[in-house]
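I would like the entire structure built from these sequences, with the hints used as guidance.
Chain order of the listed sequences is C and L. Here the numbering used here is used: the first residue of the first sequence is 1, the next is one more, and so on. Here the numbering used here is used: the first residue of the second sequence is 1, the next is one more, and so on.
Don't read these hints as lab results, they were simulated from the structure. C-beta: ideal position from N, C-alpha, C; glycine also. Hints may contain errors.
Straight-line C-alpha distance at most 27 Å; calculated DSS-like pairs for lysine-lysine [as the list claims (entries may be wrong)]:
1) K182(L) <-> K241(L)
2) K213(C) <-> K330(L)
3) K200(L) <-> K254(C)
4) K312(L) <-> K130(L)
5) K254(C) <-> K207(L)
6) K207(L) <-> K213(C)
Far from chain L, some chain C residues (derived; all Cβ distances over 10 Å) [as the list claims (entries may be wrong)]:
7) S8
8) L11
9) Q83
10) P94
11) A118
12) E129
13) F144
14) N189
15) W203
16) K213
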Amino acid sequence: MNIYRDESNPLFQYVVGLGDDALILGHRWSEWLSKGPNLELDIAASNLALDLIGQANLLLEYAAEVEGAGRSADDLAYLRDTQDFRCHWLCEQPNEDWGVTIARMLMFSTYQYLRYSALMQSTDRQLAEIAAKALKEVTYHRRFAAEWTVRLAQGTDEGHRRVQNGFNILWRFVPELFETSGGERTLANDGIAVASDSLEADWRETMDEVMTKAGVSAPETSGRVMASRHNGHHSEHLGHLLCEMQFLQRAYPKASGATW
Amino acid sequence: MYTTDLRTAEEKAAAEKAGLKLAENPESIAELEEIFQARIDADEYIEPKDWMPDGYRKTLTRQISQHAHSEIIGMFPEGNWVTRAPTLMRKLILIAKIQDEAGHGLYLYSAAETLGTSRAEMVDQLLSGKAKFSTIFNYPTMNWADIGTVGWLVDGAAITNQIPLCRCSYGPYARAMVRVCKEESFHQRQGYEALLAMAKGTDAQRKMIQDAFDRMFWPSLMMFGPPDSDSMHLSQNTIWKIKRFSNDELRQRFVDATIPQAQHLGITIPEGIVFNEETGHWDFPDLDWDEFWAVVKGDGVCSSNRMDARRKAVDDGAWVREAATAYAEKQAQKSSAA
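Quick look at the structure:
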């Protein structure tokens, strides 16, 4: 039995999933602030964080509206526990070094690019509008990540080793990107959502193109995660991330009158 | 923007004449200094290619690079809270603010480079401990109110210091300051607004505001530097119009603006700060200059943490910069071979 699986409101689950991906990945980028490899990349990291958290804000606001339970975007971000988050495992993995961070960004921004491109055709107007705005941003993110993948891997041996290491660590999270829940399938049939499995062929083609140019490869055996975000399953990392991110809202509850 | 020459034709001609004079007659440095000072007295901007006394160049390089270092080190106390910001909006505001500081650092380094010292050299001076940065960033940010307070007091003090610098005699620095001040004013309002929001909340939140004020108010007054009586750079910098107001004047201006704002937040004003009906200013006690000099010398609560964090970022990123440089060289070779 999957007690955290909730199919009562598939649109809410779907939009929360989009929002959580942007939020958690944006948070990971914000961890780079003041620690970047140089000033220019520090500024780039904050741009990426701003774009992604901005997307999360729009998406979670919309999710809250779809839910209709009186919750706000902040309530969703700051007052849910791990098992109610619907982000992909790839997004919540630690930054490690700039090589892992860039490999992850290439993988996920390529995914977001395809997902938002398709979502622009959604019959849900609000979703289509958010997707159109976000697509402009992730188009740049993908270019940034692709350029840095090639630059690092083709620059020095160490650069190559570190980027390859990123793909080695992260590749086992790829199958989850294309897992399509029943609710998502129904929404996709109605022209509202994008079925994740429909993105796989294009994703693999684009990744292959960049990785060939960079001279890196997908690990031969990478396995897969035997758990699903749709059931509220996550890596141990997400709990720690939330402890930090949600600290103030938890320690000084708004129910007791705290305002931020 | 820093190398844009904004001089009129007459100004350019005058500068050229000065340069030619030097070429024809190298002994005329005294005369050049006279022309230089006359330009400053006439409120002209000095531009990178203009002749300038060595002392002027040196002082400005020190001041601008120190300012740039402060922007970069200043990212740490704020970065300390970016992953714990309490709402999505506050998180976005804080990320954007830290990004602005990095941007300020970048264009201040660029402004300083116009004086002939490279960014790499300046960064080396920071990392070796030779160059200083603002003492305020050696203090910790302990609670969320500290983030609002940094915006309100620290950026507030910085603006008070920097608005006159928009009219400083060195063109690239003055122009950089125009933009920096605009952004800092925004940060100050956002910081104050964050505190206003907390003040409307719970007693625990108001306690955080008081605590943040108590810890940061005095160090923010020290940001204006030592009292006029023992400042080493004052008089020559004033003649060169690098500095237009004294440390004590600016400090008083800041105190006068800040105390009513603190009262509006419900902060209990420290003893010894009283309004002087006669002068129309807020009187305040002497600052603890022993603390200031101890912090300057590296004994601040977070001094070693800040430097360790900066060195770690530089060390951890070395392979990235090396790979990028190597890649750029390979690309250049490829295109020259093609």
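These are the hints, each one checked on the structure:
1. Only pairs whose Cα atoms come within 27 Å are accepted, and K182(L) paired with K241(L) is accepted, the gap being roughly 21 Å.
2. This hinted pair checks out: K213(C) and K330(L) have alpha carbons roughly 14 Å apart, not beyond 27 Å.
3. With a C-alpha separation of about 12 Å, the suggested pair K200(L) and K254(C) falls inside the 27 Å cut-off, and the hint holds.
4. Of the supplied pair hints, the one linking K312(L) and K130(L) holds, its CA atoms being roughly 18 Å apart against a limit of 27 Å.
5. Of the supplied pair hints, the one linking K254(C) and K207(L) holds, its CA atoms being roughly 16 Å apart against a limit of 27 Å.
6. A distance of roughly 57 Å separates the Cα atoms of K207(L) and K213(C); the hinted pair therefore is violated under the 27 Å criterion.
7. Distance check on S8(C): its Cβ is at least 25 Å (rounded) from any Cβ of chain L, clearing the 10 Å threshold; non-interface status holds.
8. Residue placement check: L11(C) keeps its beta carbon more than 10 Å from all beta carbons of chain L (closest about 21 Å).
9. In this structure Q83(C) is separated from chain L by more than 10 Å, as the shortest Cβ-Cβ distance comes to about 21 Å.
10. With a least CB separation of 12 Å from chain L, P94(C) remains clear of the 10 Å interface cut-off, as annotated.
11. Distance check on A118(C): its Cβ is at least 26 Å (rounded) from any Cβ of chain L, clearing the 10 Å threshold; non-interface status holds.
12. Residue-level check passed: E129(C) sits 19 Å from the nearest beta carbon of chain L, beyond 10 Å.
13. For F144(C), the requirement that its beta carbon stay farther than 10 Å from each beta carbon of chain L is met, with the minimum near 13 Å.
14. Against chain L, the non-interface label of N189(C) holds: every CB pair exceeds 10 Å, the least being about 32 Å.
15. Against chain L, the non-interface label of W203(C) holds: every CB pair exceeds 10 Å, the least being about 25 Å.
16. Look at K213(C): its CB is around 12 Å from the nearest CB on chain L, clear of 10 Å, so calling it non-interface holds up.
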